[in-house]
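Novice: Sequential numbering of the sequence shown, starting at 98, is according to my numbering.
Hints in this document: simulated from the structure, not taken from any laboratory. A couple of the hints might just be wrong.
Simulated crosslink set (BS3-like; lysine-lysine; CA at most 27 angstroms straight-line) [as the list claims (entries may be wrong)]: (1) Lys-243 with Lys-212; (2) Lys-196 with Lys-399; (3) Lys-243 with Lys-210.
So the derived label-pair ranges between C-beta atoms look like this [what the hints assert, rightly or not]: (4) Lys-196 with Asp-450: 42 to 48 angstroms; (5) Glu-146 with Ala-428: 23 to 29 angstroms; (6) Asp-450 with Ala-191: 42 to 48 angstroms; (7) Gly-124 with Glu-433: 29 to 35 angstroms.
Quick caveat: nothing in here was measured; it's all calculated off a predicted structure. For every residue, glycine included, the Cβ atom is placed at its ideal position computed from N, Cα and C.
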Amino acid sequence: MAEVRAVVARAKGEPVEVTTIIVPDPGPGEAVVKVQTCGVCHTDLHYREGGINDEFPFLLGHEAAGVVESVGEGVTDIEPGDFVVLNWRAVCGACRACKRGRPWYCFNTHNAKQKMTLADGTELSPALGIGAFAEKTLVHSGQCTKVDPSARAAAVGLLGCGVMAGIGAAINTGNVGRGDSVAVIGCGGVGSGAVAGARLAGAAKIIAVDVDPRKLQWAQGFGATHSINAREVDDVVEAIKAVTDDFGADVVIDAVGRPETWKQAFYARDLAGTVVLVGVPTPDMTLEMPLIDFFSRGGSLKSSWYGDCLPSRDFPMLVDLYQQGRLDLDAFVTEEIPLDGVEDAFHKMHTGDVLRSVVVF
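The whole structure should be built from the sequences, with the hints applied where relevant.
Specialist: The following block contains the structure:
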């Protein structure tokens, strides 16, 4: 058992606080990880705002990298000293998705069974089953993915959520291929990841769409060949078509997750093209469209969960590309901050000043 400092959200909408928590020794199938870095993701803010559920208090943080400190009984795939990126898809191997050979859809991912607590014994709900705004955290061993230990932790830790979601939306879900045209609507951390993924896949045209010139500039750095400021054009759909010989893009990725952006994605794709929704809508959002348009345009309408990634396959591969200089994960790290800087990072997220703030321990 260890006492460590951590960031906790005690109640809906209230500022987070740095406090002491208790991390138990790992039980069967579990591991304690000494966290080195953890990115500040919009999902953490959703937890604080009560947008995920109301199981307060939350131990926030989930885009993390660190070193395994200890493991519980039966753990054989990792050992103390391993450098790992944490993931929230610890595949079970036994659900219907896993049995059909599609573990990236695993419906029964593993989390640690024991609970981390406040000093008074109050049980904490770890964000996405991880809770890594903490000097140490308890996870299921399957949530630890070993990668090259010489890699920069602040950069590769971001594969734990947003960057992987974006890259995977392009490569895994969208199946972007060589020579394809791709449009990405919304170019924050996830959208910029989608741009980077499309570039890795060999897309010929990558069209970045946003209302913020800074984000469009970031997207160009990740490989966008064209940019569209949605505030400066009359019709985003027509602007995308103008870049694609009036046909529309082969793949359009909605990294915002609103009815209006999804409709733009739907109508901005070529006939038989693909729409990928990776931005997360709120439960109250609805969509009304002519059913004939779905039939007559053909193609695929997909939702991307965590970039449909398989951490054991994708994390080491992407870290290798990063180490080779072919994937600039460093560019996602806008600033490195201390543990008590998380609340301020949430404010910067609202103003669009950062791609990612990263807590460094």
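Novice: Take the C-alpha atoms of Lys-243 and Lys-210, compute the straight-line distance between them, and say whether it is at most 27 angstroms.
Specialist: It holds: about 21 angstroms lies between the C-alpha atoms, which stays within 27 angstroms.
Novice: Is the gap between the beta carbons of Lys-196 and Asp-450 within 42 to 48 angstroms?
Specialist: Holds - the Cβ-Cβ distance for Lys-196 and Asp-450, about 45 angstroms, lies within 42 to 48 angstroms.
Novice: Could you say whether the range 29 to 35 angstroms given as a hint is met by the Cβ separation of Gly-124 and Glu-433?
Specialist: holds, 33 angstroms
Novice: Against the range 42 to 48 angstroms, how does the distance between the Cβ atoms of Asp-450 and Ala-191 compare: consistent or not?
Specialist: Given range 42 to 48 angstroms: holds, Cβ gap about 44 angstroms.
Novice: Is the hinted pair Lys-196 and Lys-399 satisfied, with a Cα-Cα distance of at most 27 angstroms?
Specialist: Holds, because 22 angstroms separates the two Cα atoms, which is no more than 27 angstroms.
Novice: Can the restraint linking Lys-243 and Lys-212 be considered satisfied, given a maximum Cα separation of 27 angstroms?
Specialist: It holds: about 24 angstroms lies between the C-alpha atoms, which stays within 27 angstroms.
Novice: Given the hint of 23 to 29 angstroms, is the C-beta distance from Glu-146 to Ala-428 inside that range or not?
Specialist: holds, 28 angstroms
The structure agrees with every numbered hint stated previously.
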